[in-house]
Amino acid sequence: MSNTTMTFTLGDREVNRIGYGAMQLAGPGVFGPVKDEARAIRVLRDAVAAGVNHIDTSDFYGPHETNQLIKKALHPYPQDLCIVTKMGARRDAKGGWLAAMEPEALTQAVEDNLRNLGLDVIEVVNLRSMLHPARPKEGSLKPQLEALLALQARGLIRHIGLSNVTATQIAEAQAMTPIVCVQNMYNLAHRQDDELVDQLAQQGIAYVPFFPLGGFSPLQSDQLNEVAASLNATPMQVALA
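Under the working numbering, think of the first position of the sequence shown as 152, with each following residue one higher.
Don't take every hint at face value.
Derived BS3-like pairs (lysine-lysine); straight-line CA-CA distance at most 25 Å [to be verified]: (1) K222 x K186; (2) K223 x K186; (3) K293 x K245.
Label-pair restraints from in silico Cβ distances [said to hold, decoys possible]: (4) E165 x R286: 45 to 51 Å; (5) G202 x E289: 35 to 41 Å; (6) Q353 x E262: 34 to 40 Å.
Worth flagging that the hints you see were computed from the coordinates, not collected in a lab.
For every residue, glycine included, the Cβ atom is placed at its ideal position computed from N, Cα and C.
Let the sequences and hints guide you as you build the complete structure.
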């Protein structure tokens, strides 16, 4: 991270500390089309205008809907905008989350992301472990990483990151290729990665939390509200800080 802590390095990019997670742009349950497309487009454009230069997305949001919306709102993209996507999951007909970690599925996912985002190369691809859908679970990710390395060799991926992973899986991946970021669940109520955050920082690897505000169930507590009131801030501002 920079000396001011207002930015951090993500692959080859220096990005602002607060990015935009695009998961909620799709319909209810992250499935189907957005209810108000014009409003969603305004949100994306306002975020970039406010200084956001890091957008986290995936083609399994919708599926396809969120990436297509990002393209519609922001393409051609600002030169400093870093779009990070993830793969390793797919959706069933009812919106359920299923693993899609076969090499063929990962290849298709990269191609889908490129097409729907209107990109020639993806800056960072996070391999989202689906050995357990909701939390990290031990297990080798070697076949999946080999598939991403093959796509990187073809010039379709610039950098590789990991999501929903353990320290053991990170070490396995680092033995195969540089890892530029790790994206795990982390917020005031879920701090099991405290030690991992420090270890990654020492290595210059970005830790990008997902659900920093609690995800589908936003963080709520009397103590959080009291601290926010004492600082003349909102509870969500305090949670992010």
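K293 and K245 were given as a pair; does the straight-line alpha-carbon distance stay at or below 25 Å? Not OK: K293 and K245 at ~30 Å, beyond 25 Å, violated.
So if I understand the rule, the pair passes when the alpha-carbon distance is 25 Å or less; does K223 with K186 pass? Within the cut-off at roughly 16 Å; holds.
Does the Cβ distance between E165 and R286 fall inside 45 to 51 Å? Since the Cβ atoms of E165 and R286 sit about 31 Å apart, the hinted range of 45 to 51 Å is violated.
Can you tell me whether the CB distance of Q353 to E262 sits inside 34 to 40 Å? Hint holds: Cβ distance 36 Å, inside 34 to 40 Å.
Can the suggested window of 35 to 41 Å be confirmed for the beta-carbon pair G202 and E289? holds, 38 Å
Holds or violated: K222 and K186, Cα atoms, limit 25 Å. holds, 17 Å
Checked against the numbered hints given earlier, this structure breaks hints 3, 4; the rest are met.
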